[in-house]
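Participant: Residues per chain are reported as follows:
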Amino acid sequence: MCGIIGVIDRKRALMDGSSIRDALSLMNERGSGEGAGYAAYGIYPDYQDCYAIHVFFDNLVEPKSRVEEMLHKWGRIVHQEAIPTYEQDGLKKSHIPWRYFFKPYSDLMAGSTTPEDDVMKYIVMETNSNIQGALIFSSGKNMGVFKASGWPEDVANFYRIEDYKGYIWLAHNRYPTNTPGWWGGAHPFNLLDWAVVHNGEITSYGTNRRYVESNGYTCSMFTDTEVVAYLFDLLGRRHGLPEDIVVKALAPPFWDEIDNMPEKEQELNHAIRLTYGPALMNGPFAIVVATHEGIVGFTDRIKLRPLVIGENGNRLYISSEEAAIRVMDPEVQNIHMPRAGEPVIGRLNI
Amino acid sequence: MSLGSVPLKYKVTIDREQCMHCMRCIDNCSYGVYHKEDDRIIIDSRKCTACHHCISMCPRDAISLKERPVDYRSHPLWTAEAREDIINQARTGKIILAGMGNAKPYPVIFDRLVLDACQVTNPSIDPLREPMELRTYLGKKPSRLEIDKKDNGDIELKTKLTPNLKLETPIMIGHMSYGAISLNAQLSLAKAVEKTGTFMGTGEGGLHEAIYPYQKNMIVQVASGRFGVDINYLERGAAIEIKIGQGAKPGIGGHLPGEKVCQDVSCTRMIPLGSDAISPAPHHDIYSIEDLAQLVRSLKEATEWKKPVFVKIAAVHNAAAISAGIARSSADAVVIDGFRGGSGATPKVFRDNVGIPIEAAVASVDQKLKDQGIRNKISVIASGGIRNSADIAKSIALGADAVYIGTGALIAMGCRVCGQCYRGMCPWGIATQRPDLVERLDPEVESEHVANLIRSWTLELSELMGAAGINSIESLRSNRSRLRGYMLDEGTLDVLQVKPVGA
Numbered sequence: 001m002c003g004i005i006g007v008i009d010r011k012r013a014l015m016d017g018s019s020i021r022d023a024l025s026l027m028n029e030r031g032s033g034e035g036a037g038y039a040a041y042g043i044y045p046d047y048q049d050c051y052a053i054h055v056f057f058d059n060l061v062e063p064k065s066r067v068e069e070m071l072h073k074w075g076r077i078v079h080q081e082a083i084p085t086y087e088q089d090g091l092k093k094s095h096i097p098w099r100y101f102f103k104p105y106s107d108l109m110a111g112s113t114t115p116e117d118d119v120m121k122y123i124v125m126e127t128n129s130n131i132q133g134a135l136i137f138s139s140g141k142n143m144g145v146f147k148a149s150g151w152p153e154d155v156a157n158f159y160r161i162e163d164y165k166g167y168i169w170l171a172h173n174r175y176p177t178n179t180p181g182w183w184g185g186a187h188p189f190n191l192l193d194w195a196v197v198h199n200g201e202i203t204s205y206g207t208n209r210r211y212v213e214s215n216g217y218t219c220s221m222f223t224d225t226e227v228v229a230y231l232f233d234l235l236g237r238r239h240g241l242p243e244d245i246v247v248k249a250l251a252p253p254f255w256d257e258i259d260n261m262p263e264k265e266q267e268l269n270h271a272i273r274l275t276y277g278p279a280l281m282n283g284p285f286a287i288v289v290a291t292h293e294g295i296v297g298f299t300d301r302i303k304l305r306p307l308v309i310g311e312n313g314n315r316l317y318i319s320s321e322e323a324a325i326r327v328m329d330p331e332v333q334n335i336h337m338p339r340a341g342e343p344v345i346g347r348l349n350i
Numbered sequence: 001m002s003l004g005s006v007p008l009k010y011k012v013t014i015d016r017e018q019c020m021h022c023m024r025c026i027d028n029c030s031y032g033v034y035h036k037e038d039d040r041i042i043i044d045s046r047k048c049t050a051c052h053h054c055i056s057m058c059p060r061d062a063i064s065l066k067e068r069p070v071d072y073r074s075h076p077l078w079t080a081e082a083r084e085d086i087i088n089q090a091r092t093g094k095i096i097l098a099g100m101g102n103a104k105p106y107p108v109i110f111d112r113l114v115l116d117a118c119q120v121t122n123p124s125i126d127p128l129r130e131p132m133e134l135r136t137y138l139g140k141k142p143s144r145l146e147i148d149k150k151d152n153g154d155i156e157l158k159t160k161l162t163p164n165l166k167l168e169t170p171i172m173i174g175h176m177s178y179g180a181i182s183l184n185a186q187l188s189l190a191k192a193v194e195k196t197g198t199f200m201g202t203g204e205g206g207l208h209e210a211i212y213p214y215q216k217n218m219i220v221q222v223a224s225g226r227f228g229v230d231i232n233y234l235e236r237g238a239a240i241e242i243k244i245g246q247g248a249k250p251g252i253g254g255h256l257p258g259e260k261v262c263q264d265v266s267c268t269r270m271i272p273l274g275s276d277a278i279s280p281a282p283h284h285d286i287y288s289i290e291d292l293a294q295l296v297r298s299l300k301e302a303t304e305w306k307k308p309v310f311v312k313i314a315a316v317h318n319a320a321a322i323s324a325g326i327a328r329s330s331a332d333a334v335v336i337d338g339f340r341g342g343s344g345a346t347p348k349v350f351r352d353n354v355g356i357p358i359e360a361a362v363a364s365v366d367q368k369l370k371d372q373g374i375r376n377k378i379s380v381i382a383s384g385g386i387r388n389s390a391d392i393a394k395s396i397a398l399g400a401d402a403v404y405i406g407t408g409a410l411i412a413m414g415c416r417v418c419g420q421c422y423r424g425m426c427p428w429g430i431a432t433q434r435p436d437l438v439e440r441l442d443p444e445v446e447s448e449h450v451a452n453l454i455r456s457w458t459l460e461l462s463e464l465m466g467a468a469g470i471n472s473i474e475s476l477r478s479n480r481s482r483l484r485g486y487m488l489d490e491g492t493l494d495v496l497q498v499k500p501v502g503a
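So the sequences go chain by chain: Z and H. full-length UniProt numbering applies: residue 1 is where the first sequence begins, and numbers increase by one. full-length UniProt numbering applies: residue 1 is where the second sequence begins, and numbers increase by one.
Note that these hints are calculated values from the structure, not bench results. A hint or two may mislead.
To be verified - Below, a list of computed lysine to aspartate or glutamate pairs in the DMTMM-like style, where the Cα atoms sit at most 25 angstroms apart:
1. K9/H / D352/H
2. K158/H / D256/Z
3. K195/H / D259/Z
4. K150/H / E293/Z
5. K103/Z / D118/Z
6. K377/H / E267/Z
This one's a predicted model, so the numbers in the text were calculated from it and none came from an experiment.
My request is simple: use the sequences and hints to build the entire structure.
Facilitator: What follows is the structure, given as structure tokens:
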């Protein structure tokens, strides 16, 4: 279940959200009307040096003042506003989406190689686990996540997604199976620049969760996809591993394959499995992860969920269904399916 | 006035219609239950230990054995066992010895944990058709990898991994020394672990020459007595284990009676013939975690840092803090031995009353290491009361990397858990050094039985993992979300970090 789609324009040409909305709606059979969402990169050029913090507030009194108290302690709010929304008949508004453009004081996080990111990460973890009535669901720079409980077109129209223009888009149509359908549980999941859409269930969640938690992350959203964002942040940002190596850690080759690799490759893959065993993800999944530099899509090691790739010029599409890609781009070419665990990477080339 | 004797424990009878007077029961019983009087087989049930050797060897199935009915006044507090222990101690003034594991009816936590299975949305994985990975590496792992990505895309690995033990299944055989068990029993186990790609422990009895061919599958033990320990011994092992404690007797040492120290045991243990081998309760060079760390490093230095070093402790209430200390030493794995762990000989009061269950100990060790962000620095091995593949799966889900089995492997060789190991008369040829009994055990045959046990448990483990939608053992480790507690109290659930059924 769940439908996912992602697109990148490698030359950073901007796309508005209308076509991805239509593509996602095509996959309504994969959803249940209990969650949909979009992530777009390059949408806040006026505030590109600030972290764009998207928050669901239950009300604008107590939780909001507590969040702002924390933001004031750790940095400066450059601008804030309610995220514009437009009532939809099919969507019941449960939270108030708000956004801050925020600059942290980097000297407050001594000893970190990425102090601003670490300040931001701290604020997200602290808010989501300790401030009742507030949930930060997006915290990257020049990007934003827009999500809610509802059908894809209702969620898109609620945020009027076509008003945003980005060079990377991710979208997700949710069919919740083992956790409640609520706004925070809708995808994409995000931390800093990492945004994740996921189709599947991660049976290794207990292990992965304990691993990220022992590295300073707090899982507070009752769902398995959350850990994927944190795993990418831990391995990609903090450990500095390139995305193809991160994918190798999360969906590694089988030991039989490793045993048959040339010596140097074998040594590397052996080291990855030993070191990142608790990050290995099991279960059926197809995942697309984005940062401001590109997207990467991959499936579980025995490919229990579909993933289709398409290209057209500078554009790379990754989706659950070919038909969804064709809705976005009828001229799409080079449609193919990656092998299990094989990462498909689309990077900016400017 | 004399205290008299306590009533017999078992009642043995022979179906005289069936019996063909082959006298095999007389030959088979090392405890002297049977003897011959004028062509008639006479039974002395008082000597019976319920070892079942006579029953299993009787060609006519003529022998039957019953636990004797309670003939004391029934009393909930003053059980027959409590009264008999007092009578025996009043008579002797000695500590009561016991063999095998804790025999008290504590609730078994394993039996109150249930595993999860997939339905529809996350498909089960069929181990007959899909790869299932149980390969396990024991040892230190780095907390992160340093790599160098060149402009041409080449990747250079800068992190150097420390040596790990490679297991094809997370099931190992725990330490049972030559002395406590026979050479044939050790040989059977050694052949079995070689066949199944796993490891066994030597115990503190040294390494007999006959085991040398299997040394690549042996974990050599350094206990407080240092029996059989020299550089040759250390170098022969695939890994070295320092034994601090044992689940069946936390806080006390070991004792192999001089009667069992025959020529072969004397040579292997490097002690005088016929002398008692007493290992002290503490290592007399270890009085702190720092001292332990020094011994770990000394052993590593002696073996040129080529072998993993494990530290075995008994499951006690502060096992978690101790394990965190061990993780910060150069040790590669910590072995936690639960209070149901087996024993060749131990004071009964220890076996039945000291220590904590392995389930709780492993969970709290895993939690502590996780909280301190050092779980990856060390492997965790669980032992003590593992009875089947489900116990193994649950141990791993609670945080173990691998398990040691002991009694289970002995049962595969015939042991009927009669609990008389300390008497050295084991009729199955396992816990004895008596040559006529030892030769009853054929290492070729019994190694296949033990290997079969490991294979079947490995297959069952694969099926359990597949049912949970997991195809790699790493993803079962510490995976509390695949467990639910059934009829467990809130406090225990909290220690185990497991949700109740239905949650």
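Participant: If a hint holds in the structure, say so; if it doesn't, say that too.
Facilitator: Outcome of the hint check:
| no. | hint | in the structure |
| --- | --- | --- |
| 1 | K9/H / D352/H | holds (19 angstroms) |
| 2 | K158/H / D256/Z | holds (24 angstroms) |
| 3 | K195/H / D259/Z | holds (20 angstroms) |
| 4 | K150/H / E293/Z | holds (19 angstroms) |
| 5 | K103/Z / D118/Z | holds (12 angstroms) |
| 6 | K377/H / E267/Z | holds (20 angstroms) |
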